[in-house]
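Novice: Just so you know, the sequences run in chain order A and B.
The end of the first sequence is residue 745 by the working numbering, with every number in the run present.
The end of the second sequence is residue 745 by the working numbering, with every number in the run present.
It cannot be assumed that every hint is accurate.
Identical chains share a label here; the pair holds if one copy fits it or two copies do between them.
[Claimed, not checked] Straight-line Cα separation of at most 30 Å, DSS-like style, residue types lysine-lysine; simulated pairs: (1) 625 to 682; (2) 611 to 625; (3) 718 to 625; (4) 682 to 703; (5) 682 to 611; (6) 632 to 611; (7) 682 to 632; (8) 632 to 718; (9) 725 to 682.
Quick caveat, the hints were computed from the structure, so don't treat them as lab data.
Number of protein chains: 2
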Amino acid sequence: MAETLETPPEADSDAVWLATPFVQQLIKQMRAQDSHGHWDGKSDLQLLKPFILTPEERRAIPLLGDPDPETLWHLEIFYNAIAVAIERETGQMVSPMMKMHHEGFGRMVLLAGRLVVVNKQLRDVHRFGFPSLAKLAEAGGKFLDEAVAMIRTYPDVAQYGA
Amino acid sequence: MAETLETPPEADSDAVWLATPFVQQLIKQMRAQDSHGHWDGKSDLQLLKPFILTPEERRAIPLLGDPDPETLWHLEIFYNAIAVAIERETGQMVSPMMKMHHEGFGRMVLLAGRLVVVNKQLRDVHRFGFPSLAKLAEAGGKFLDEAVAMIRTYPDVAQYGA
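Could you put the whole structure together from the sequences, leaning on the hints where they help?
Specialist: And the structure:
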C-alpha cells in the first residue's frame, strides 16, 4: 500500500500535470499561436518550456527597463489560458485586461460580467516563469479554482446585464 | 410660478453643472495636471473646453490610425474624475484600467475591490468629447450614480478581501 503514496517517477508526474484543465488550455493556446506548424514536432512538455525557469535562469534575467516582449506575450498566454479554462468550467465569458505601469510592474485582471474573478498585481514581470511544470500547473489551477468559486458565489454579478 | 420651470440663462445653467460632484472632480484633475500654473488665469469653464466638441469639430477629426495622445489623456482624466468622485461618495478605493485594442477601439473599466463599477466599451476615441457642458456633466454623473448604486447593491464584492 505504501508505494502508492510515494512520489511517482517524473515522467508519470508530468503526465498527470499535463492532463489538468488549465495546462490543457495552455497547450492549446500555445499551439494556436503556431500558425505555420513550426512546433508540430514539439511535445507538449517542450512547448511549455518558456514558462519554466530554473532559479539560475531567473537570476540571470536583469530587472532593468521594460520586460522582454516575448515574456509579456507568455504572460498574456498564461492568463488567457486561465480565462478559457474558466469559460469551459462555468459557461461564463471571461476577458483579460492588463495594465503595465513601468519596468515590470502592473496588474492583470480577468473579468466575468461585472465580477473580477482573477486579480493579480504583477511585479518583476521580466522573470515571469515557474520553477517546474508542477508549480506552473498548480499556479494556473489555483487561479482557475478561485475564479470558478467566485462566479458560483456571486452569480448575479458575473451575469450582470447579460 | 411658471418662470422657475423655464430654462435658465446659459451662465446660470453652467454654474449648476460646474457645481456637480463629477464636474468638480474633473476640474480638480485638470488643475492637478497644471504643475507650472500656466492655467491659473483660466476659468473652470475654459479648463473644460477640451472635453467639449461641437458636431462640426467632431466631424472634422479623422478616424484614421491611433487617437491623438492628447485625446487619450483627456479620456483618462474623464474616467479618473469619475473614479475619485466614486471614492468620495462611497469611501471605497476605485482603480481605472484601460485597454486600447486598435485604432480608437477599446475598453475602460473602473474597479472597486472585485466589482466592475463602470464598464465602457470605447469606440471612435479620436472624437472623444461632448456637445456641451450639460452633456459632459450628465455623462459623468450617470457613470457616478450607477457605480455608487453597484457598490451599495454588492458591498461584499466591492469589499472582497479588504
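Novice: Hint by hint, note whether the structure agrees.
Specialist: Structure-based check of each hint:
Taking the shortest Cα distances, residue 625 and residue 682 never come within 30 Å of each other, neither inside one copy (32 Å) nor across copies (33 Å). When the C-alpha separation of residue 611 and residue 625 is checked against a cutoff of 30 Å, the pair qualifies only within one copy, where the shortest distance is 13 Å, while the shortest distance between copies is 56 Å. Taking identical chains as interchangeable, the C-alpha atoms of residue 718 and residue 625 lie at most 30 Å apart only when both belong to the same chain, with a minimum of 21 Å there against 57 Å between chains. Both within a single protomer and between protomers do residue 682 and residue 703 lie at most 30 Å apart by alpha-carbon distance, with minima of 11 Å and 16 Å respectively.
Proximity of residue 682 to residue 611 under the C-alpha cut-off of 30 Å is found in both arrangements, the shortest distances being 25 Å within a copy and 24 Å between copies. Proximity of residue 632 and residue 611 under a CA criterion of 30 Å is satisfied intra-copy only: 14 Å inside one chain copy versus 49 Å between copies. Within a single copy, residue 682 and residue 632 get their C-alpha atoms as close as 25 Å, and across copies as close as 29 Å, so both meet the 30 Å cut-off. Proximity of residue 632 to residue 718 under the C-alpha cut-off of 30 Å is restricted to the intra-copy arrangement: shortest distance 13 Å within a copy versus 53 Å between copies.
Both within a single protomer and between protomers do residue 725 and residue 682 lie at most 30 Å apart by alpha-carbon distance, with minima of 22 Å and 26 Å respectively.
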